[in-house]
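> Generate the whole structure from the sequences, applying the supplied hints.
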Amino acid sequence: MRVVVAGLYKTGTKTLKQALETLGYNVWDVSEQLNAVCGGPMAWEDLLQTNADPIVQLQKMLQYCDAVTDGPSAVLAPEVAQAFPESKVVLCVRDNEHVWYKSYEKSRDTLNWNFFVQFFRLLSHTARRRYEIMRLVNDSLSSGRFSTGVYSLSFGLSPVLCKHAYLAHNALVEEQVPENRLLKFNVKEGWKPLCDFLGHEVPSVPFPHANRGAFNASLPGFLDYMRYNSAKDTRNKVFMETAFALMAIATTFLALYIAFHLN
122 MRVVVAGLYK TGTKTLKQAL ETLGYNVWDV SEQLNAVCGG PMAWEDLLQT
172 NADPIVQLQK MLQYCDAVTD GPSAVLAPEV AQAFPESKVV LCVRDNEHVW
222 YKSYEKSRDT LNWNFFVQFF RLLSHTARRR YEIMRLVNDS LSSGRFSTGV
272 YSLSFGLSPV LCKHAYLAHN ALVEEQVPEN RLLKFNVKEG WKPLCDFLGH
322 EVPSVPFPHA NRGAFNASLP GFLDYMRYNS AKDTRNKVFM ETAFALMAIA
372 TTFLALYIAF HLN
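Just so you know, we're using the working numbering here: the sequence shown kicks off at 122 and counts up by one.
No wet-lab data here; the hints were simulated from the structure.
Possibly wrong hints are sitting among the right ones.
Listed next, the in silico PhoX-like pairs over lysine-lysine satisfying Cα-Cα at most 25 Å (straight line) [said to hold, decoys possible]:
id	residue 1	residue 2
1	Lys284	Lys223
2	Lys209	Lys313
3	Lys309	Lys223
4	Lys309	Lys227
5	Lys305	Lys223
6	Lys309	Lys284
7	Lys284	Lys227
8	Lys284	Lys305
9	Lys353	Lys181
10	Lys209	Lys309
11	Lys209	Lys305
12	Lys181	Lys209
Structure follows, in structure tokens:
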């Protein structure tokens, strides 16, 4: 592990993932962190639900990547940094907590109200498990650290509490990570501060800009969101499980229809 991205969701983590990949890092985003090679969702559940020292488990789970961003690892960023003492930590931030909350709220509400998210969650075990582990991650941040519910997928959260959690998370990272290992970084700053911190030459390509706002609520928008935020094998499992569930429902209704008319 060489780089730990400590910024919370909607702080430019997808952009930073692309930037790190351009610099040659093997980056694990949320989709890779929830895959089997990392122990799958159950490994994160065990980690988040027990009071055991997470350091050894994190070393085992994250040993095959160069960098982590977003997902479960961001919530445990100080612990990940401790598990890999040679790593450098990039704390992604927005201009202020108000800018962050506006972006977070838009994305959260789109997910909460999106028909396709709830449709696949209802019919696919894989989609449901993914949703549940992210809720657990979110709850661990809220109840275990700041008692705010910043990442909760429920409705009607207080903007004041969400903004407090954002600031508290950033303060915790700055407090626990040594100054010589930490870069507080806004993706609007571009390549130079990031490359100077990591010891790279500035690439000749433009700095990336990914994940601009919440996804489109249409089916094509949702499919694009799935492609962007989940591994191919995960997407295939979700679609296959959904197809089988629909076939089972259709078969049941057909059988009931035939039985009713035969009688």
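> Sort out whether lysine 223 lies within 25 Å of lysine 305, counting only the CA atoms.
Holds, at about 20 Å.
> Tell me if the straight-line CA distance from lysine 309 to lysine 227 falls inside 25 Å.
holds (20 Å)
> Has the given pair, lysine 284 with lysine 227, been kept, meaning a C-alpha gap of at most 25 Å?
Distance of about 14 Å is within 25 Å: holds.
> Verify the proposed pairing of lysine 284 with lysine 305, using a straight-line Cα cut of 25 Å.
At roughly 18 Å apart (the allowed maximum being 25 Å), lysine 305 and lysine 284 satisfy the hint.
> Between lysine 209 and lysine 305, does the CA-CA distance stay at or below 25 Å?
This hinted pair holds, its Cα atoms lying about 11 Å apart.
> Between the alpha carbons of lysine 353 and lysine 181, is the straight-line distance 25 Å or under?
holds (24 Å)
> Measure nothing beyond the straight line between the CA atoms of lysine 209 and lysine 309; if it is 25 Å or shorter, mark the hint as holding.
Holds: lysine 209 and lysine 309 sit about 20 Å apart, inside 25 Å.
> Would you check the hint for lysine 209 and lysine 313, treating anything up to 25 Å between C-alpha atoms as holding?
holds (16 Å)
> Can you confirm whether the C-alpha distance between lysine 309 and lysine 284 stays at or below 25 Å?
holds (21 Å)
> Quick one, are lysine 181 and lysine 209 close enough, alpha carbons at most 25 Å?
holds (18 Å)
> Given the hinted pair lysine 284 and lysine 223, is their Cα-Cα distance within 25 Å?
holds (10 Å)
> Holds or violated: are the alpha carbons of lysine 309 and lysine 223 at most 25 Å from each other?
Roughly 17 Å separates the two Cα atoms, so the pair holds.
Of the numbered hints given earlier, the model fails none.
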